[in-house]
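With these hints in hand, go ahead and build the complete structure from the sequences.
Chains A and B, in that order, are what the protein sequence lines are.
Per the working numbering, the very first residue in the first sequence carries number 1; after that it's consecutive.
Per the working numbering, the very first residue in the second sequence carries number 1001; after that it's consecutive.
Hints in this document: simulated from the structure, not taken from any laboratory.
None of these values were measured; they are calculated from a predicted model.
Please note: incorrect hints may appear among the correct ones.
[Stated by the list, open to error] The calculated label-pair distances, taken between Cβ atoms and stated as ranges, are:
{"hint": "1", "chain 1": "A", "residue 1": "R38", "chain 2": "B", "residue 2": "R1254", "range": "53 to 59 Å"}
{"hint": "2", "chain 1": "A", "residue 1": "K47", "chain 2": "B", "residue 2": "T1257", "range": "52 to 58 Å"}
{"hint": "3", "chain 1": "B", "residue 1": "E1083", "chain 2": "A", "residue 2": "R38", "range": "24 to 30 Å"}
A virtual CB, placed ideally from N, CA and C, is assigned to each residue, including glycine.
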Amino acid sequence: MITLYDFELSGNCYKLRLMMSILGVRYDIVPVDFYPGREHKSDWFLKLNPFGELPVLVDDGLVLRDSQAILVYLARKYDTTGKWFPVDDPALTAEIEIWHDFANRITGTASAARLTITMNYDFDLEKAQSGAHQLFRTMDEHLWFAEREGREWLCKADHPTTADIACFPYTALSEEGGISRQDYPAIRRWLDRVRRIEGFTAMSGVFPASRAREAS
Amino acid sequence: MPIAPSAAILDAWHVFSAAAEIGPGPYRSTLLLDTRLDYRRGTNGEVEVRRRDTGAALLVIERYGFAWTSLGSPPDDLFSIPEFYEPDRKNMSCGSLGVNVSAPRAVENFLDMGHFPYVHTGILGEEPHTEVKEYDVEISYERDEILATRCRFYQPRAALSADEGQDVEYIYRVPHPYCSVLYKSCPADESRLDVIGIFCQPMTEETIRAHLLQSMIDDENTITAMRRFQQTIFGQDKPILENQYPKRLPLDPRAETPIRADKSAIAYRRWLSQKGVNYGVIPQAA
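Here you go:
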C-alpha cells in the first residue's frame, strides 16, 4: 500500500495525487501541517526526509522524496501503458527530463511567489514573479510551435507524459503568486487539455474543466 | 496615495498575526492599513508592536489565538466569542493566508451559502441541493453587529467529524467590519455548535491576510487534520475571491443586483455604509 505524506495546498504534493488519480493507484494520506504548523521541519518528519520537504511517498517500505523522482517511480511501476514515462526512446526520455527540470524552476519562481503572498514567506517577490514570467514566455512559445506542428503536449509524443504532470500544478496556481497568464494563450490551452485527461483530479485553487463542455 | 481610513476602521482593533507565530528575537513585519508594522514578543512575554514610519508603540491585545492592534483609539475590548473559552473545545489557527481581495469582499463571501454546491462540491454542498432557504437577518444596534439566523443547508461533509450528509444549521455573526464568526451544527455533538471565524487583516484596500479560527468539538481528529479540512475549503474560495471585480465592495445598493439569498450581504453593506466605513469599499455617492 502507498502512503503519501501530503499538504493539501502544496502543488508538489498535488502532482502525485494527480498522477495516482490518472493511473488509478490507491493510496493513503498522512496529512502534514506544512502551514501554519511547520510540521515538515519537525523531528519525526526529518527522520523520514532529512531535507524537510514535502511530498514523501512510502510504497511497501520504500521511502521516496522529490516529486519528479516520485512521478517517474509511479509511472515506471504502475503505468501499464508505458506511455507516461517511456524509456524505449532515448530522445523522448531526455526531453521529459528537461521538462522535469523546468518544473523545478517553476517551483523555484512561481511557487516562491505564491508562498510569499499566501503564507508570508520571506522571498524576493518581484524576482520570483519576473523569473516565472521568463519561464512562462519560453513555455508558451514552445507550446505554440508544438500546436503548429499538431502536438498537444510538452514533449514530442502524441500523448501526455510525466512532464505535463510535473509542470501543471504551479503553472495552474500562478495567479495566487500574482503571476497572470493573460499573455500566454498557448499555456492556457495546454492547461485545459491537462484538465481533460481521463482521471484528472482538482485541488483547492485548481478547478476541473467545466462540465458543460464535456456534455456537449 | 492610500486613502485615510475613517474612524470606524482607524479606531477598531485589527488582527495582524497568529499569537503562536510571534516569538522573541528579531522583529517580524507586516502591513496594516497601508502602514508598515514591526512586532515581536518582548522579554516579559508581551507582544510589542510599533509603526515603522513614526516609531510609535501601539496597543496590543491577544484574543482567540491571535494578536490585535489599532492605529487609532480602540475600544476596551474586542467582540466576544464566549464559546472559545469552553474547556473541551479544540481551538486552532488554520493559518493566516494572504489574499488579493478587499476585506469586505472576503467577509461577504464567508456569509454566502449560495456558492457552497459549486465551489465546495462534495463538502459544503452538492447539486441538486442548491436552494438557499429563507433565513433571518437583523442588525443589532445595541450589540453593533449583524446576526443571520435560521440558515439551513444540506452538506455532504459539514465538518471533518461528519461521516454522512446532513441538513446543517448556521448562525452568522458580523461583529466587526472585517470579521465574521460562524456557528454551525456540530456533527460530534447535536446540542452544541462548532465555531469558525474569519478575521481579515486589511493590509491595503485590496489585499488582506485572512486569519482563520476553528473552535471545534471533536475528540476524534487531530489539529493537523482539522486544519487541513478548513484550508481545503478556504483554498477553494481563494481564486473566486481574487477574481471578483471590482475588488473593493460597492456599497451603493444599485451597484450589484442581489437575490433573495443575499439578504445578509445586503444588511452587511448597509451596516458598513451606516458606520461610515470607507476603506476596502466603494462608498455610496453622497
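Hints, one by one, checked against the model:
1. Checking the proposed 53 to 59 Å range against R38 (chain A) and R1254 (chain B) shows it is violated: the Cβ atoms sit about 47 Å from each other.
2. K47 (chain A) and T1257 (chain B) have their C-beta atoms about 57 Å apart, which keeps the hinted 52 to 58 Å range intact.
3. Here the CB-CB span from E1083 (chain B) to R38 (chain A) is close to 28 Å, well matched to the stated 24 to 30 Å.
In the structure shown, a violation is registered for the earlier hint numbered 1 alone.
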